[in-house]
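With the UniProt record's numbering applied, the sequence shown corresponds to residues 1 to 519, in that order.
Simulated from the structure, these hints should not be mistaken for laboratory data. Among the hints, a few may not be true.
Said to hold, decoys possible - Below, simulated DSS-like cross-link-like pairs (lysine-lysine); rule was C-alpha separation at most 25 Å, straight line:
#	residue 1	residue 2
1	K10	K36
2	K36	K48
3	K433	K414
4	K74	K24
5	K36	K74
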Amino acid sequence: HGFVISSSHKNVQVYPPFSLQPHKLTLAVGSVRQVKWEGGPHPQYGVKFSMSDSSIAVVTEIGLVRGVAVGVVKLRAAPQTQNKEASLTFLQDEVEVEVFNLTAVRIQAPLVWLTGVLEIKPRHVGVSVSPSHSFSVLVRARAPGRTSLKVCVQLQQIDTSNTSLSDHLTDEIQILVFEEMQLTAGSSESILMSPLSQYLLRTRKIKSVFTPLSLFSWLVTIDNEGVLKTGPDTGLAVLEVYAMDICGINQTLLISVSTAWFVRILTVSSVNSDSDRALPAFPLGWSIRIRALYYDNMGRQFQSHNIQTLVTANRDDLVQLIVDKDSRSFLVQTASPGLTVLRVQGDTTNPFLSDYTPLFVMPAIPEPTGCLRSGDVICFSSPITDQQGQRGRWDVSSSEILQMNSETGVAFAKNSGTVVVYYRLEGGQQTFKEVISHITLQFKTGCPLKLSRVEPGQYLEGRPPGKTRLLLEEVLVRPAGGAHPVLHHSVSSPPISCRRIIQVDAAHWWRLRRLPLLC
């Protein structure tokens, strides 16, 4: 007595109930479906399946059920576990299996209004079904019109006791594809307007009828021409649009009347270049079209408003402003290089309804190297192209001073003076550069000049001294780093191609000690 005798520990497992999925199985004759199970003790050494009547349906060891004949049977499954002594079977579940004959097939075509749902990739990536075994298909509308969709099902096994059954089942539906009714301007779902404004409604359909609900007549009105007018109040209104076509489409538009909270400047014009880097500024002489866009407190853009927009610049000498008739878009003409700040203001009493943007203007035609003098040949270039990547044409304000090749940009300075070089693109855009041609350096003498061969290092001297003047009309002397020296009689008329030449320092031209003069 007084001794405690303890037994060895015994493992106890608590597990969820064992069940089959689905709880009721319905399949056609000849079709196969998988039965799954969940719960039960672990580890499991297998699940044993059995069918109450194998003449109606049969099941495999892994739970694949195939219908054989019309009828209802019971499918029973029991998990099997094993201990050290023997294999135990103490749980089971059963489901009802109904086998039927296919007598018809129908196509269900629900309309999906959500966009992007059908494009979601499934979890089982790489799993595909052959077209002959697919039971669903994705149809995409490509163009307006009528078409039909037909399905044909061939039964591999049917109940031969029923002679009225066919081994081919078909179904067909008609599909009508129509063009969605869109407004010519603005969104097709809602329109945002300011109080006391008007908006012209037009659709892409041949004939449309706009009918406002009488409940919102105090907020918006519409006439027979489709002009929508708002009153002094703010709020929401509903407008019904009917399209008179074969589809008979009706659409609902939501009219929002609100006040403007902020304005934004939008630059419509663009500049294209042939280089990979963007231009640092707008070209000189470029025409820039800007628009003033108004938004409400939710960030939605107004389709119509009655706000008188004012645009100003801090430098009137650099740009010229031209206002369009609708007072919503403006044309900025660049006149001089420099930095200009544009301001767009919607209400003079509300400083918050304003927007500012810097406008930097630079010449798009590089400055000629050195000092340009009459007799020089120079190549003008510009990186600007049109939207298609095509280059423009060259022109000058005076062909008496500068003779220009319009295709290549090669120019020949004929006389001294100031000339404007233009570079014009298709569409009316242009840029320009003012170029000055200086007078050629000349020495005159009373007798004709003849040059003889001299050795390097000699200096140029004139004879006889005193009243004698040296005449050098055929030699053009240029400073170091400038354009190359040329002779008047050696320069041909354009077109001339620009090629790489050797730069000559002016000092080498004057290092001549003696030059015999024969008068």
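Outcome of the hint check:
{"no.": "1", "hint": "K10 - K36", "verdict": "violated (31 Å)"}
{"no.": "2", "hint": "K36 - K48", "verdict": "holds (12 Å)"}
{"no.": "3", "hint": "K433 - K414", "verdict": "holds (18 Å)"}
{"no.": "4", "hint": "K74 - K24", "verdict": "holds (10 Å)"}
{"no.": "5", "hint": "K36 - K74", "verdict": "holds (15 Å)"}
The earlier numbered hint that this structure contradicts is number 1, and it is the only one.
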